[in-house]
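What follows is the residue order along each chain.
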Amino acid sequence: MARIRLKDLRSLSVAVVHPPDANGQTILDQLGRIGCRTDHIWPPEKGLASKVDVVFAGVFFDSQEQMKAMLRRAEKPAPAIIAVIDYENPAMLELVLELGAVAVTSKPVRSFGIMTNMVVARDCQQRQIDLQQKMAKLEKKLAGQKIIAKAKSILMEMHGFSEAAAFETIRKQAMSKRTSIEDMAQAIINANELLSGKPVDV
Amino acid sequence: MASSKAPVTIGFLYSRTGVTSVIEVAQRQGALLAVQEINAEGGLLGEELRVADSNPQSNPHLFKSEAARLLDDGVDALFGCYMSSTRKAVLPEVEARQSLLFYPTLYEGFEYVEGCIYSGAAPNQNARMLADYLVETYEPRYFFVGSNYIFPYESNRIMRDLLSNRGAEVVDEVYIPLSSTREEIDRVIDRIRAAGPVTVFSNVVGQGAVDFYRAYDAAGFDRTVRPIASLTFGEPESLAAGLDASVGNVKAAPYFSVLRTPANARFVAAYRALFGPDQPISAEVEAAYIQVRMFAEAVRRVDGTSRRDLLKALPTFSFEAPQGPVRVDAVNHHTYLWPRVGLVDGKGEFEVVRETSAPEAPEPYLVEHDDPVSFAKAKGGGR
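Sequence lines, in order, name chains A and B. At position 165 of the first sequence (counting the first as 1) the number is 165 in full-length UniProt numbering, and the numbers step up by one without a gap. At position 67 of the second sequence (counting the first as 1) the number is 67 in full-length UniProt numbering, and the numbers step up by one without a gap.
Hints in this document: simulated from the structure, not taken from any laboratory. There is no bait here: all hints are sound.
Each computed EDC-like pair below joins lysine to aspartate or glutamate, with the alpha-carbon atoms no more than 20 Å apart:
{"#": "1", "chain 1": "B", "residue 1": "Lys64", "chain 2": "A", "residue 2": "Asp21"}
{"#": "2", "chain 1": "A", "residue 1": "Lys76", "chain 2": "A", "residue 2": "Glu98"}
{"#": "3", "chain 1": "A", "residue 1": "Lys141", "chain 2": "A", "residue 2": "Glu182"}
{"#": "4", "chain 1": "A", "residue 1": "Lys107", "chain 2": "A", "residue 2": "Asp21"}
{"#": "5", "chain 1": "B", "residue 1": "Lys88", "chain 2": "A", "residue 2": "Asp62"}
{"#": "6", "chain 1": "A", "residue 1": "Lys107", "chain 2": "B", "residue 2": "Glu114"}
{"#": "7", "chain 1": "A", "residue 1": "Lys137", "chain 2": "A", "residue 2": "Glu182"}
{"#": "8", "chain 1": "A", "residue 1": "Lys7", "chain 2": "A", "residue 2": "Asp123"}
{"#": "9", "chain 1": "B", "residue 1": "Lys88", "chain 2": "A", "residue 2": "Asp86"}
{"#": "10", "chain 1": "B", "residue 1": "Lys64", "chain 2": "A", "residue 2": "Asp86"}
{"#": "11", "chain 1": "B", "residue 1": "Lys88", "chain 2": "A", "residue 2": "Asp21"}
{"#": "12", "chain 1": "B", "residue 1": "Lys347", "chain 2": "B", "residue 2": "Asp217"}
In this text, all values refer to a predicted model and were calculated from it rather than measured experimentally.
Bound conformation, chain B alone (with noise of 0.2 Å):
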């Protein structure tokens, strides 16, 4: 039976050009699986799901006026955005038609917009979990990089909160902008060189990143005793930065592609059938897939695609993700997920070398991220 708000159509903000392409083109294919899989289903509200595409080329004037487009055009909602930047420039566009956001990748925090749903990590559900890791693994001494805009800054400065709480030491802290030179790469690994000993905690992202990866490996640093650690730099980037450079590297995410629950195997099959057997998925990727599946079960639930009711309905269902089972948090609308730490081994795949027990609670606004609330609900496993 078809209904009269049907059909639902999303609107795609994922660029396939620029310096975020090769995580963004990922995630973009994470999202055409879950329409792939709900129209397989029979669709939503008993018409084909549809798409409206775009490629705002990791611009965020573009990602602006791509979303202004998408929504005049009379789309139901809009999923994507990697950088801080380009999700600042699209929701305002977003808020002035009420209409809804999903964003799928992890940040600094601090935000809440009504009509946005996050559910890449928030920092107290990676960056704590790497800091004991980290602490308890590799040299006491760090070393921060990052691309020049918010999120860098921001996951730097609650890093140094964590690792000064656990009694290690931040001996230099730089930035390069978005798009890198050699020269600036270069000139970073001999400040890293000059430092001595330090484990690398890195926010450099995009295509510097995987310039400044390879740059690290071909600098010789033994990554056993001194790795570079991200909450960034997953299985789309190393890949792209080759075995060599990858190796020894960690990174905290919600989810990684080698996880073995039953979700995870259909999900990672599945992904791998339509885009390629060799495709890497991360967990920018995952939440991109579970944001359009969770949409399509608010959907079904409230028959149709007001923003109110599909606020309502979110929060009110759990979702099986290969991550684990998450829901979105009726108060400030960022996602339970499952923080873990990986660890690149000799295959380039990453291992995980620590997990939680049970989805932790979003919690963007923490601001002291070690405050003894915050480690009793972490010992409590969540609440």
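Looking at chain A on its own, in the form it has when it is part of the complex (with noise of 0.2 Å):
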């Protein structure tokens, strides 16, 4: 089950980007209750403060280019960002997915619902984080077995290698080099290249 540690929502660092109405103050007095270190910026800025975990960020047309260039220009990882919207038609709703929010807080602000959309945020953020870097991982691994299954190919036409042969031969090589067995691969590749003096597509 998962379980919500107070002490890591206090330890939060948020901005809360958004005009000082009645709507900014109850985020900004909600977040005071809760104990994170908050920021108030308005209206956005050329960038974000390093180490942002969470923005509010109140949605306009007349400053979406300036919200929008403000968060991409955070440090990664990227904030969680909350959108806080006084509409609910789909010309807004377009400039929440825009700006790639998590979770959404509508107008008029109310102190219940901070809290759970700061945890819900959060969450969805890091689990989209974690999806990326798993992702990046499997995807250098798949490139990783192309790479092999060509030098394994190599292998088996220039020496007649069996499939389990060639790909045990590179794992040897790889291990006596202290390298991995991708890198040995690419080796092998390269080195095919260069003696037949014609480049091979991976």
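Both chains are sitting in their own frames, so use the hints and assemble them into the complex.
See the structure below:
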């Protein structure tokens, strides 16, 4: 079961990018009650301070471009964005999606719901980051497999090896050179290209 | 017999100054006419119907504070708001006090607040018929211009879908501030000129719209082939812009003052007797009038002003409005209305060039305005 640790919530750095009106104040007050480190920013600035975990972003037609530019320049890992909206029209929802929001708070803002939204938004954002990292790893792995397959086929063709023997050769070479199987396979492909004098597509 | 609930007092939220004062002054007069008629008929619950007035100056902050003041003074319901930003500012006050707002203006849709009764057109009740008429009549290339707030953005988004479904193209889309300068309007005119032959769809509202229509006229575009079409520029705005700037332009709305219904003849005569013979009357004015009349009818039926009872009673009767019989929808609190398209003729009067044969059901959440279901409903003439 997922556990909420309030200490994690309190250690969050939150930016509230919203005009200083009653809605903005409700968010700031509630963040104060929870005990988050909070910055109030309006209008959107050129960049975002480093290590902001959550951004409450007021969505308006006339400040959308500045808001987008500001969030684009945020450091990685990107903050979880909670859009603060006053209309439920598709025209406005398009802006919400454009900002990459993972949660939404509707106006008039109530203090109830701010914390829930932060927890859900953070969780959602963390899952996205985890998935992206996992995907990057898998992509790398997949590319490695292609390289190994190519190197195996080179060895099988050149030396009449079986597939198992070709793989075993690559693995042993990699071990003795203290490198990865993928790198060794790439070295075999490079050497083969050099010797045969023609580039080989991987 | 006076009831213990009398006197009934209604609060007005109509600006008499600010960017949208031209139309809001006229809406206020429409509401005042209804109050006068109700009192001439003996008032409400045995006493005179009273009005608590305000002037929120086209400013959302003032709309909010004036709504709070009127509600705290004990009004039984609020009437008014033109721009969506002002309605949005007022509704939390209304809901916090479990009261009612009667909103008499067309808007962009996608809203339901329990205590709000919407009697202006939802997009399915004006934009769809306008799109049909435009593509059958004018240049197939469109230029969108709007004021910089929610209604123009959403209205343009909807119209873009409707036109694209009909094979027409939108070549440009620009926005100007609500309080626009001469230079900002001139820049729009330059871009229209640069765009080549286009029909203009304008969601500019208030004084900016009057200035824009005049500038479009001064630029010399031939409005018999490339008019300005809108959902908002009606009789009061045309009068303010002048005859030269108005002829040939198109508006879609459920009501035009030229309608030949007996109810409208009575309405127009009474309005002009009260406020002056040349007073322009538009759909927003008629909606302001019918909302007070429908409220009064509901109060009589439930013998009181409790929000719960009124919300229950309002959808149960049809009101013989100047535009035709209308009624409130029980589920979405919007109003069944009569879509029409009007064209300004050589005398500056709107001529109705297209109209529905039955009131159309309001569909404020109709995301796809031309999906098969909507088409079938439109063909069936409302449901």
